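Asker: Chain by chain, the residues:
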Amino acid sequence: RKEVEQDPGPFNVPEGATVAFNCTYSNSASQSFFWYRQDCRKEPKLLMSVYSSGNEDGRFTAQLNRASQYISLLIRDSKLSDSATYLCVVEGQGFSFIFGKGTRLLVKP
Amino acid sequence: NAGVTQTPKFQVLKTGQSMTLQCAQDMNHNSMYWYRQDPGMGLRLIYYSASEGTTDKGEVPNGYNVSRLNKREFSLRLESAAPSQTSVYFCASSDSRNTGELFFGEGSRLTVL
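Residue numbers (this note's numbering), protein chains in the order written: chain S, 1 to 109; chain Y, 1001 to 1113.
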């Protein structure tokens, strides 16, 4: 099992739709989890951290399921500007962070 | 606000040539990282430095060396470039593992012919 796995997509959705991404991880000892966003040919930027109790930031909701070792990202009321690649990030050994390959989202008018 | 600065932004090398990618951060972060990103592969960790004076191998360290010159600077060296090292390289820094927010430079696009 790879350390961090994501469905590469692309997810093609109309504006206003709700879309969800999942990510699975292999290291049961990982304590920190994040979602990053990366626009084409740009550097990744933190979208949100993922907490055990789940957390919400506007239209974005992140959840963690430790028993099944997956995290999720829900985007409600999709905007054209949400089109990007979403990267799942999991704490690795030492002070490292392991990235998934990313899920590409395309929001269409 | 400079944040994380990488140089050069673009570079073309011939097989066997050497070069150093420079990275500097002005946020007083302890940890610094070098990742490479290839199509369909996501970001893969090459080396990281948890604090000044320490460096550790990541997932794909072969063919690279690093130097944590001081708290601000973390360089990545290719001693003998190979076409397989054609990639986009990102430097990042973080103030602590617990916050998890990595601040990235804009990337360095390297082509090895």
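The hints are simulated quantities; they were obtained by calculation from the structure and are not laboratory data. Keep in mind that the hints are not guaranteed to be accurate.
To give a feel for the contact side, a few chain Y residues facing chain S, derived at Cβ under 8 Å [claimed, not checked]:
1. 1010
2. 1027
3. 1086
4. 1090
5. 1104
6. 1105
7. 1106
8. 1110
Calculated pairs, DMTMM-like style, for lysine to aspartate or glutamate (alpha carbon to alpha carbon, straight line, at most 20 Å) [to be verified]:
9. 45(S) to 1101(Y)
10. 45(S) to 1095(Y)
11. 2(S) to 1059(Y)
Just so we're clear, the structure is a prediction, and the values are computed from it rather than from any experiment. Here a beta-carbon is modelled for each residue, glycine too, at the ideal position from N, C-alpha and C.
Asker: Now look at each hint and say whether the structure bears it out.
Answerer: Now for the hints, and whether the structure bears them out:
{"no.": "1", "hint": "1010", "verdict": "violated (12 Å)"}
{"no.": "2", "hint": "1027", "verdict": "violated (14 Å)"}
{"no.": "3", "hint": "1086", "verdict": "violated (15 Å)"}
{"no.": "4", "hint": "1090", "verdict": "holds (6 Å)"}
{"no.": "5", "hint": "1104", "verdict": "holds (4 Å)"}
{"no.": "6", "hint": "1105", "verdict": "holds (6 Å)"}
{"no.": "7", "hint": "1106", "verdict": "holds (6 Å)"}
{"no.": "8", "hint": "1110", "verdict": "violated (14 Å)"}
{"no.": "9", "hint": "45(S) to 1101(Y)", "verdict": "holds (8 Å)"}
{"no.": "10", "hint": "45(S) to 1095(Y)", "verdict": "holds (15 Å)"}
{"no.": "11", "hint": "2(S) to 1059(Y)", "verdict": "holds (12 Å)"}
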